[in-house]
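Protein chains: 2
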Amino acid sequence: MLTPAIHATRNETLAAELDRAINNKTKPLGSLGALETLAKQIGLIQNTRQISISDPAILVFAADHGVVAEGISAYPQDVTWQMVENFLAKGAAINVFAAQNNCALYVVDAGVNHDFGPRDGLIDRKLAKGTHNFAQQAAMSNATCTAALEAGMALAAELKGNVVGFGEMGIGNTTAAAALMHKLTGIPVAECVGAGTGLSPDGVLHKQHVIEAAVARHSGAVTPFDILATFGGLEIAMMAGAMLKAAELRKVLLIDGFIVTSALLVAARMQPAILDYCVFSHCSNEQGHQKMLNALQARPLLNLGLRLGEGTGCALALPLLHAAANFVNQMATFESAQVSEKSE
Amino acid sequence: MLTPAIHATRNETLAAELDRAINNKTKPLGSLGALETLAKQIGLIQNTRQISISDPAILVFAADHGVVAEGISAYPQDVTWQMVENFLAKGAAINVFAAQNNCALYVVDAGVNHDFGPRDGLIDRKLAKGTHNFAQQAAMSNATCTAALEAGMALAAELKGNVVGFGEMGIGNTTAAAALMHKLTGIPVAECVGAGTGLSPDGVLHKQHVIEAAVARHSGAVTPFDILATFGGLEIAMMAGAMLKAAELRKVLLIDGFIVTSALLVAARMQPAILDYCVFSHCSNEQGHQKMLNALQARPLLNLGLRLGEGTGCALALPLLHAAANFVNQMATFESAQVSEKSE
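Those protein sequence lines, which keep their order, are chains A and B. For the first sequence, this note's numbering gives the first residue as 360, with consecutive numbering after it. For the second sequence, this note's numbering gives the first residue as 360, with consecutive numbering after it.
These aren't lab readings, by the way, just hints derived from the structure by calculation. Keep in mind that the hints are not guaranteed to be accurate.
[Said to hold, decoys possible] Here are some of the chain A residues that sit facing chain B, going by a computed Cβ distance under 7 Å:
id, residue
1, 386
2, 387
3, 388
4, 435
5, 478
6, 495
7, 553
8, 557
9, 667
10, 678
11, 685
12, 691
13, 693
Every value quoted in this text rests on a predicted model; they were computed, and no experiment measured them. Ideal placement from N, C-alpha and C gives every residue a C-beta, glycine not left out.
The following block holds chain A by itself, in its conformation from the complex:
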């Protein structure tokens, strides 16, 4: 597998120029808070003072998970393909929010347990009808995991825009994400698991025990790649590949909730510089997401108690990216507007 070469965005000259441009705008110093941080980050990613948001797109990766056989989800597995159908019919939350914010939406079948046949609007990258049950064996073979990463890279390489959001659909994938989180951060499993789509407290405890037993069984998985292959999902691996490639291409990566962040965690353990390219759209209500964000030293833009996935947080945060670019590009400066500056 060819690993993308991701460069840190650090550039002190440009950073100083961006600071100057931001501070000269007609507003008290620092008064646009997180939008100022965001504008500077986008400038560094794009390596220019002329920051822009062009042709943003959200990729939604869908796949099934063998571990559902352990009874770890509140919804039946069929919901994965039914929701893919819902995406194609434009009836899901992500369709609504992407359309509202003029964001392209691409739905990728990374490994759903269903025959869709050729369908308009569905990008077929199915590698298997779901993963194996990681309670019993590795979720993916090394070859399948590599193929998923590479398929993701190829998809990211085809995007024309400079902002890519990531979303997912896959019944059972909070269980995979919690296992990845535990293995990659060392945070106890009990603090990684949550209710997902709506488990009872007993259900959450059962999910915890399933993961703990699997972690004990697969104690040999240590590298980020092995951990991904052992506990991940086809959608998670494909996302991680797309993230790596998108960062290499110096796109802004818009990160959604718990599962998307788990894919990033894998990618960041492979290539730490990827974090320079990430904008964290929101903090999910899924227990564990805040701690995962903390482990990445990430500060999310929104905190709306969302726990829907699909990339909905990305679509909802997109207007803030536009706002960051727009204030830098469109606001007057103290000089141009002839506004007096702060008294000394």
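Mind docking chain B on chain A? Use the hints.
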């Protein structure tokens, strides 16, 4: 003065219908978090299941403050009129964010210490060239305060849209807002004052002492109206009037930061039911705003460390109001999309 009659939005039948509509959408129960709460609130305000966001507008009220003579601002008073010019030239942050989000913007001269003459785009409701210095005398006479409230009511009555955001510009107005906050909530002045546009710690302490001395001097101001007249601003009083009328007309009130919330605090002490109509766009970085929101039991949508005013938080939060309406109006239901529901 004719006080608007604001009715509580409580309606159990409609609330149950809205819950049903929201819960039938193809998503896990409650998974859209704050957007679900917001959708329900808008439905109750509009008294319908067919919620809509039409012709949103932001009113920016500008005025000057006599208390600047006490040296309580980091910027000179001229910045008030200079920023009004900047609004008219479309160079300020609020121009950029309102335009981005297709929101009408109206700039109101409530009492700026400057002769603008007749100007396109400026709504002239000037009642005086700023308030008196409340360190020495009441900021406004009762007659002026009443006139400001009534002018605000008349402005709100002219708006055609169903969402009104509120913004302000006025050098010195965080001092007025902090005094109002203290008088109306009982929170100690030291916890109400903040850096405003960028005071030093010494400057903040001086501001605190100015307010404490004024509060001692005007101990007779007890009713919300008297407190407003004594410590408020022309823009604050006019905003409070516009808020009261907009709520009577069952519009959604979009509340910005520290100063706008202080105007709402006055209005809410006059008519508590107004709070049913308020959407709190963000929590400002101005120290005191979080406590003011707590006093109103308000949960803001955004927390971006903004402290710019002008209604910028309202403009930035507007896409979330659209999202709330859109998911209710456009998402498929489990039935329509034939998606399986949660297992029992």
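Quick rundown of the hints versus the structure:
Proximity of residue 386 of chain A to chain B holds as hinted, the smallest CB-CB distance being about 5 Å (cut-off 7 Å). With a cut of 7 Å, the hint placing residue 387 of chain A at the interface with chain B holds, because the nearest CB-to-CB distance is about 4 Å. A hinted interface residue such as residue 388 of chain A counts as satisfied when its beta carbon comes closer than 7 Å to some beta carbon of chain B; here the least separation is about 6 Å, so the hint holds. Look at residue 435 of chain A: its Cβ gets to within about 5 Å of chain B, closer than 7 Å, so that hint holds up.
Below 7 Å, beta-carbon pairs count as interface contacts, and residue 478 of chain A has none with chain B, the closest being about 15 Å; its hint is therefore violated. Proximity of residue 495 of chain A to chain B is violated relative to the hint, the smallest CB-CB distance being about 22 Å (cut-off 7 Å). Annotation: interface hint on residue 553 of chain A violated; nearest CB of chain B at approximately 12 Å, more than 7 Å. Annotation: interface hint on residue 557 of chain A holds; nearest CB of chain B at approximately 5 Å, less than 7 Å.
For residue 667 of chain A, the suggested interface contact is upheld, since its CB lies about 4 Å from the closest CB of chain B, less than 7 Å. Satisfaction of the interface hint for residue 678 of chain A is found here, the shortest Cβ-Cβ separation to chain B being roughly 4 Å, below the 7 Å cut-off. Against a cut-off of 7 Å between C-beta atoms, the interface hint on residue 685 of chain A holds, since the closest Cβ of chain B lies about 5 Å away. Proximity of residue 691 of chain A to chain B holds as hinted, the smallest CB-CB distance being about 3 Å (cut-off 7 Å).
Hint on residue 693 of chain A is violated. Least Cβ distance to chain B is approximately 9 Å, over the 7 Å limit.
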